[in-house]
Amino acid sequence: MGNEEAVFFSRILTELTLSFHIIYATIGVGIPLMIMIAQWVGIKKQDEHYILLARRWTRGFVITVAVGVVTGTAIGLQLSLLWPNFMVLAGNVIALPLFMETFAFFFEAIFLGIYLYTWDRFENQRKHLLLLIPVAVGASFSAVFITIVNAFMNAPQGFDLAGGQLVNVSPIVAMFNPAMPTKVAHVLVTAYMTSAFVLAAVGAFRILKGSNHPYHKKALFLTMKIGLIFSITSAVIGDFSGKYLAKYQPEKLAAAEWHFETEEGAPLILYGVLENGEVKYALKIPFALSILAHSAPNAEVIGLDQFPGDEVPPLYIHYLFDVMVTIGMWMTLLSLVYLVGTWKKWRFTASRWFHWLIVLGGPLSVLAIEAGWWLDEVGRQPWILRGIMRTKEAATTSGQVDLMLLLFAGLYLILGIGSIVVLMRMFRKNTVEQELSDRAAERSGEVL
Amino acid sequence: MNLEIIGITVLGMFLFGYIIIASIDFGAGFFNAYSTVRGKQHILTKIIQRYLSPVWEVTNVFLVFFFVGMVGFFPKTAYYYGTVLLVPASIAIILLAIRGSYYAFTTYGGLKHKRYVVLYGLSGLLIPASLSIVLTISEGGFVTIEDSGPVLDYWVLFTSPLSWSIVVLSLTAVLYISAVFLTWYAHQAKDEAATNLMRKYALIWAAPAIIAAAGIIVELRIHNPEHYQRLIDLWWLFALSVAFFIGTVYFVWKRHSYWLAFWLLIGQFSLAFLAYGISHYPYLLYPYLSIYDSFTNETMATALIIAFIAGLGLLLPSLYLLLKLFLFNKEYVQGKRNDHV
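Chains as they are written, first to last, in the working numbering: chain P, 1 to 448; chain A, 1001 to 1341.
Keep in mind that a hint or two might mislead.
Said to hold, decoys possible - Computed from the model, here is a short list of chain P residues facing chain A with C-beta under 8 Å: (1) 12; (2) 19; (3) 70; (4) 84; (5) 96; (6) 211; (7) 221; (8) 397; (9) 406; (10) 409; (11) 427; (12) 431.
Derived from the structure by calculation, the hints contain no laboratory data.
Source: prediction; values computed, not measured.
Just so you know, even glycine gets a beta-carbon here, dropped at the ideal spot from N, CA and C.
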């Protein structure tokens, strides 16, 4: 196998692992916060429904965490197995946040173990809630540290290259690179947003399946509220990300927006097709790209004409951008309409088709996460470390990557199907109505 | 003491931690599967689930810590080991995935299946076998440097008596460590039947473990005389280790102070591990890579050590809390409390 093949299969395998892992990782970062909010509301309002909500979410959460641990270990090792040359360089400059991530996860894993096995152990429920804080903090900080490494790949700094040797290394400067603030914020907030909408989809689905219990309505209303807050935040941070790209990675922005010629007052192009280098059937929003890039309608935006052909990312990332932004806007609108509608008692937000839209919003949000990460990774090509190391120079020279790809594809298939089957079984066998009456019986037993 | 030594000591601690707690985990899974196949699962399953379920993710993190720290302190290992370990490490990941998904799907998810229990038990033996290849490779003679980069010679690896002795040691050690620990744990849980069964296993696996360890020293004499000589120079550490081993077997045999038996076992393995580590110095991969030529820059090393100390400050109290709640809490260990979500 020539090395071109090794590069190709390494890219496919990394893409596969990351695409699979990011589903579990996103849920893993977002859900602890949701559980925390539900349990807090439950304690505040002395409402058994919210406590049970936290409890049932936790049960599902541990399954996704367990699978996430597995896929996370896989990607952690695959970085060294598939990209050894990159990891030698990265190890020298950006190993610190990688190392700290393991601490954050360690912290999370310990307290998750404790939290899981101490329900009902405390007289004061607030003490049990306290145990969840390290879980949520650990989960979010894992995301922060890993995203810092990714930010470094987009905007490397904190070292000098002198004759192929790394000198003047500063791990802290490398961590606080220009890509870091927007990227970290974007990853965190969209993880919360996606988790909220995935949980909302579950609640809406139960209502559609005939459960009229107020439990599900409370769950749906709470998660849609949280989802709206974080989707608005995501949009604001997305705008900052555009400004970051315009300044530090203009080729990524230009490729994502099909912005070929450097010009002032640039329009934002959504969708469309490319025919012989010309954009057709697209939706053009005048001045919007200049506003996104520089907050001024007449600002100049650098186009792809400023870059040599072998440094331009694949142009299909335009569609990834479109998908991500469209879903983000759609979910903001959907949750806003739902909340206003519920408040004003509109008929159609209580209708079946509207609930189906909310159900659809769960998978759509996950798709937006995937599109966002593909945009980030493919948009950085041909670089693995922008401006320093090309992806093809970083890959392994091993000849067995194609075989490993098949092996891991099989593994992810089994894990994916397994987690869906187990989650569905778990909640179907033990319905909310059943559990609420069981717990009530248990409590009256205690009183007697 | 220089930064390189501090770095490798930190990594050694995590590796040792992983070896011990993962051995308990792997061995427990195997004993569980074995007794399930023989139709005696009721004796062990409860004990094992009560101990393993809250801590398995923590076990896994020790491994992640080790390899992330390795690339951090010694980035060049990513190039050498990363390239040659693609296949063995991938297989280990798949096996670890089987274990992780067992917890996800059966313990948390309620999916019970005999075949899964067996698969889970077997993975516990195959993981140490596949991970132990790393130790074998580090002795040199299996990796050559070609124009394209380092290449692992699988034929030499699989026909070498050294690699098989190390595999045998890893398996027997896993079963022995696990059996001694679970004897103590079952005794604490006041589970007479389980204690007796685990005690029997501990005594059965004691001799094979120590013989396999001695066998490796003999193999090394031919395979890597330099390392062998350095091992022999440290004979007194090994002698002490054997004394601890005898102590463990004595107490288990006498059904006395199981806790002491376990701590003597920790002493035995930590001394042997220490002697092995010192004699391996300064090589990470004979003869290509030493801890000096693969070391990261000074600023990164300092930053990592500071992060490590700060992290420990956070982790040790939390680990203590975890152990206090599940390992040393009588009510929990004896199954009087569950409180699971």
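query: Can you give the numbers of the hints that this structure goes against, from lowest to highest?
result: Per hint list: 1, 2, 6, 7, 9, 10, 11 and 12 violated.
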